Amino acid sequence: MRTTATIGLLLVLLWGGISRLSAQEITFQATVDRNTIAVGEHVKLSITLTNARGSFGAPDLGGMMVVQGPFESTNMSIMNGRMSGSVTRTWLLTAAKPGRYTIGPAKAKVGGGTIETEPVVIEVTKGNAPRSGDPQAALGQQRDPNLFTTISLSRNKGYVGEQVIATYMLYSRYSNLQSVPKEMPKISNAWVEEVDLGEPRWEDKLETINGVQYRVAVLRKQVLFPQRSGTLRIEPFVQTCVIDRSFFNPGRNVEVRSNAVEYTVLDLPPGAPADFNGAVGELEMTVTAARTQVEVDGSVDINVRFTGRTNLKLLEAPVLELPGDLEVYDPKVVDRISVNAGGMGGSREFQYLIIPRHDGTFELPAIQVSYFDTKTGTYRTLSSEPITLEVAPGDGSASAPVPQRALQSDVQLLGTDIRHIRTGDLQLREQGKELFGSWAWTAGMAAPALGYVLLLGWHRRRTKAAQDVVGTRRKQADKVAQRHLALARQALDRNERDAFYNALSRALNGYLGDKFGLGPAESTRENIQERLSGLPDGTALAQRYSALITACDLARFAPIEDTPRGTLYQQAAALIGTIEQHFRA
Amino acid sequence: MRPTTLLLLCLLFVANTAHALDKAQADRLVIEADSAYAAGEHAHALALYDSVNTAFTSSGLLYNMGNCHYRMGDVAQAILHYERALRLAPGDVDVLANLELARQQVKDRVASMPTFTLGSWWARFLGGSDPDHWARRSLWACALLFLSLSGLLFVHHRTGRRVLLTLVALTLTGTLVSTALAYTRQRDLARQDEAIIMTPRVDVRSTPDAKGVVLFILHKGTKVTVLQEVNGWQEIELANGAVGWTPVGTSTVI
Chain U
1 MRTTATIGLL
11 LVLLWGGISR
21 LSAQEITFQA
31 TVDRNTIAVG
41 EHVKLSITLT
51 NARGSFGAPD
61 LGGMMVVQGP
71 FESTNMSIMN
81 GRMSGSVTRT
91 WLLTAAKPGR
101 YTIGPAKAKV
111 GGGTIETEPV
121 VIEVTKGNAP
131 RSGDPQAALG
141 QQRDPNLFTT
151 ISLSRNKGYV
161 GEQVIATYML
171 YSRYSNLQSV
181 PKEMPKISNA
191 WVEEVDLGEP
201 RWEDKLETIN
211 GVQYRVAVLR
221 KQVLFPQRSG
231 TLRIEPFVQT
241 CVIDRSFFNP
251 GRNVEVRSNA
261 VEYTVLDLPP
271 GAPADFNGAV
281 GELEMTVTAA
291 RTQVEVDGSV
301 DINVRFTGRT
311 NLKLLEAPVL
321 ELPGDLEVYD
331 PKVVDRISVN
341 AGGMGGSREF
351 QYLIIPRHDG
361 TFELPAIQVS
371 YFDTKTGTYR
381 TLSSEPITLE
391 VAPGDGSASA
401 PVPQRALQSD
411 VQLLGTDIRH
421 IRTGDLQLRE
431 QGKELFGSWA
441 WTAGMAAPAL
451 GYVLLLGWHR
461 RRTKAAQDVV
471 GTRRKQADKV
481 AQRHLALARQ
491 ALDRNERDAF
501 YNALSRALNG
511 YLGDKFGLGP
521 AESTRENIQE
531 RLSGLPDGTA
541 LAQRYSALIT
551 ACDLARFAPI
561 EDTPRGTLYQ
571 QAAALIGTIE
581 QHFRA
Chain P
1 MRPTTLLLLC
11 LLFVANTAHA
21 LDKAQADRLV
31 IEADSAYAAG
41 EHAHALALYD
51 SVNTAFTSSG
61 LLYNMGNCHY
71 RMGDVAQAIL
81 HYERALRLAP
91 GDVDVLANLE
101 LARQQVKDRV
111 ASMPTFTLGS
121 WWARFLGGSD
131 PDHWARRSLW
141 ACALLFLSLS
151 GLLFVHHRTG
161 RRVLLTLVAL
171 TLTGTLVSTA
181 LAYTRQRDLA
191 RQDEAIIMTP
201 RVDVRSTPDA
211 KGVVLFILHK
221 GTKVTVLQEV
231 NGWQEIELAN
241 GAVGWTPVGT
251 STVI
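Here the protein sequences come in this chain order: U and P.
The numbering of the first sequence is our numbering, which starts it at 1 and goes up by one.
The numbering of the second sequence is our numbering, which starts it at 1 and goes up by one.
For reference, chain P alone in the conformation it holds in the complex (with noise of 0.2 angstroms):
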């Protein structure tokens, strides 16, 4: 039975990796990307980084798009970008430091809630290096625990027994907690509540409908959490508290 198991995942793999663009390609379309925007040619580069984006990403690539928005002097854009390069690298310090001076042109200041925070190197920690990183050592602790576990079947020497004892001890934390780690990255990675304002200039309203008391005006680049949807209205919550109805449209989700 395993074999076919096998044969299948091999087979499963393949189908995989057959793409309308390929790793190589991809590759070589970064490093001309990389270069036209050294030179200047910014739009250029975007074009490039886009096409790539079409089958592949990554933190590196999101960053790179955000900074080709931001010397071609959009904002918002570049927010949007580095925000995405922030979800699936969090606690990048280059990502960060990009945010924050583009953050600096949004005509909005929203002073957001005090909140407990470790600072970038617990999101770093939180969000390892990529995406996978937790899955991947879920399957490494997963891997040793169970080695271990065979070990204790063979070893019959005290001394022995009891150091694999406490690495089963260790394995297992290591599972459940990479395993859950994984889970919530992964739950994290698939939000859709957050989203960045895309029109020069919106009028947020009490209620979801064109006669709703204006609350307040909300321009391009800030960003704001979407609680719900109700015909065509979002009802958006910015980091300071303020909560009200903008038409769907005016904002793009990270």
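This is chain U alone, in the form it adopts within the complex (with noise of 0.2 angstroms):
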């Protein structure tokens, strides 16, 4: 009775412990103590399964003997409360000929699913190959294969500016390892920001590295932002390491070389926006304003910060555009910067003092910035909203202490550019007309010419005219007898008897006067009938005007009128007209 109840408690004990083994992490690992056997010599296979229950059979030993084996072992321990268990299967190993034998995956089915292992690679040399007790044989030569040092990135391609890091690692098999750094590789094109690791110390965990396990150490790691693009190589560092040093044994000096890695940078690709300010990887701004609202000669302080994952600590301070009157002053930078194991991180502040001269709104336009985005592989442009200030005129208090400045400051020439276009009426005219030297022009400047021209002829011809006075009176003489005769007509008609013959008289010798170009003495009665004699058919013209004078003489001078008024008149009429008939013939 008493046995079954303590079968009973530990089966419980061991479900419980099965149970929690399983909650554990599960492994299952192929190991081999050294990976290089000379011909005839043994490799040690172990293939352990931990913290589950499973079967697993020997792995396809690609071509190597079994010299004895499998020997199975059980472990189960108990750490700080958890219990963790693991099975090992143990084989020796040997090859009868030198060459490559890679050892295939050993699988185990745990639960409903498969797990395998990592093939192992060991290498046989013909006979007399080196051991690695020998202390001759681990100098020099060859890496040894139970310590050596190792340079990883990681990535192995990226962009200009894009950060990537380096770890320094050194494995070893060896139990008592005292390192003294050497000399460390130098990187040029990259700007290199070293991790603060502390002092360097074994990691908890083994690595297991084709088989072996090893101890491993972080020596260095480093944050790198390559500034050109190709391809970035890190030449091997050498380290050197005190083996197998004890109170009896002063130990060995082991110098190891590691291997050397290569990066390729890439350009970042073309079309980078004006306002890209050089960063690659994750970025963001905020801008804040301390207050919006300041009197003149009061201060404002604006600040932009950015944060994110790149290399901070070349960002440089965006350039405010501020309108004039404003002034500023260089910022001042503060910085909260981290660089560890994940790279460089952290912010970067830019706080400017911004102290307004003059009042009124002033809009500080949107601070715009570009950077590299890694994740999408293009250009992001960050911007921030503009910020209106208001500048209340101060009242004199504030800038009382201030020495007096001039009140007029010369007009600030802040850009250059060309003049806008010339807008409304451009005078337009057609091609290749000009003016000068056309039809038009000439004829413009021909008109007054000929103008005057004919004006001048006229003139002359007037002139002329003017100083013929005899020429004038015979065209004048016909007009002048008219006149006479009218007023003869007129006498005639009021029945004046003296105004008549008067008129008459005048009419007929003014007339002939002038025709014959006589002067006023000239014109006498014989003078008048001489000239008119000499006219064609004159006889009977000189006549007829003698008829006409006579009763003219009579009437005025003797109270004789023979012939009655009216007549005479005709008569008279007559005579002048046909004598203007002579002469215009």
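Bear in mind the hints are in silico, worked out from the structure with no lab data behind them.
Take every hint as true, because none was put in to throw you off.
From chain P, some residues computed to sit far from chain U (all C-beta separations above 10 angstroms):
#1 Ala47
#2 Gly73
#3 Gly91
#4 Ala123
#5 Leu126
#6 Leu172
#7 Leu215
Chain U regions said to be covered by chain P (calculated; three or more residues, Cβ under 8 angstroms):
#8 436–443
#9 454–462
It should be emphasised that the depicted structure is a prediction, and the values quoted were computed from it without experimental measurement.
In this text, a Cβ means the ideal position worked out from N, Cα and C, and glycines have one as well.
If you follow the hints, you should be able to join the two separate chains into one complex; please do so.
As structure tokens, then:
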């Protein structure tokens, strides 16, 4: 009865243990004690399944022969109240011919699935292979398989300026080892930030490489920002270690040389915006103004804060495009930047102090900054909101202690640009039409001259005519005679005797005197008769003239009127008409 | 005879106004181009100005075309158009300001020989507001001259004659001077001897063949004076007096 109870308790304990076992991390590993053996030597292959119940057999041994085994050992331990268990199977293997042997993956069925181990490569050399225990062989010649260093990069290619982390590791199988840093590679073409790791120490976990388990220490970590496209090469570094030092043994110095690594640096794609600030990675920007209402000569703080994972130390202050009348001082830079195993990150803040020197409303334009986003592989533009600053005229108290500034200042020329186009009437003219030398111009120049010549001709004629008195009188004779005849007609109508005869004789004498160019003194009856006789048909005309003048004289100087006045008038008019016709002809 | 001449002139005038592009259309195109320029569509504005320029021209139009080229980044073309605008309106301050800015972007800096100038005021006076300025003045002066000469025929009063005689002397001088200026102006406009380098880079050689020694190198936008042309080569002179040969076609006449 008691035994049954004990067994039951054990079962419960076991069950509980197993159920807790399964809750822990399950690992399945194949390890060897060394990778390089000589023909005839043995290598120990251990396959361990931890924290799980399952069955596994021997892997494909790749042509190697089993010398002994398998031996199975079970291990169970309780640490910090947690139970862990493992099953290890061990083989001793050997190979008859030199060559490269690959031990295939071992398979284990755990739960419903299958897990596999990594394949292990074993080099088998001809006899006299360097033995790991032989100090002469470990020194110099080849890489000591029990101690080596590596450089590894978090990525093997990236853009210019994109951060990449280089890790310098030490792998060792020696139980007693002290490292002395000797020489660190120099890196050109990249901005290097050291990650502060403190004293190098062994990692908690062992690392298995090609089936061999090593203790691992991170010697150094660097954040690199490549500055030029192409290949970035990190040269091997040399680490000096002291091994096997003990109280009785001074140990020996071993120098190990790491591998070299190469990193491909890609150029940023073309088409960078004008405001690209060179940052590559992730970046955010916040712009804050401490206040937006201020008095003249007061101060305003504008903070531009960049946060993100990029080379913040290379970020330059964005240029504030401020309207005139605002004084701005060089920004104060406040950094909260950390460099750790994840790279460089944090924030950089630019604090601008702005002092308005004049009242009014000022618009601080939006700040625009572009960076290259490595996640999307494109340029992204960060933009802030514009800030409106209300500046009230100060009461003077603030600036009272300040020495009086001149009220006027020179107008600042902030930029140059071409002037605007001419708008409105452009005074378009037809192509190739010039006034000078054209027909219109020649005509315009000639027309006044021509007009003047015509005017001059007319004027000459008029002046000449004015000088020719006789000719004029002759021309005017008929008009004068008609005027006198008209007077005579009036006198006839009014029945005025003296006036009638006066007018009539004056009309006749005046007319003929004018026609023959005689002066008043020469216009005698005899002279006129003589001239009249000179005309063709002159005798008859002279007689008619004589008869008329005689009648007039008789009537004027003696009271004799043998012909009626009307008839006399008719005769005189007829005579003038006849003589005029003679002259016209 | 005179009425027939007038009729002939009228007919000529009517014949001249019959164009592919009339003035009203041109004015509309200019307004459209102005708004395109203001909206930043410089290439569109340039195309419109260019179509106006096929039939009409003015210093304002060429200046606007120069601005379009400048905005589109073609400094050499901008300089060419500014220079052409300056031909039509010498001493125009806007054109001079923009030309100065454009010249600053040309690669070659040529120190010009010191010359005596009375500045842009004098250039404006000589150039007048438009190419017909002095021709028009000569017409007015000529008309006034003969008007005052005619006046002398009729005015016999002593003071009146004296005034008219002074007027005759003045207008005669005016006619002669303005005709002379109009003549020089027209000759200036017809000049073909100045050019702007239009290819990005030209080797200037000592002889008119490709084997000549390269004396100096000129770049786009530099102004040169063309001295002569010999089988496909031009002899050019810089403002500083340097002389050399370039192939024809590397420069455009202003």
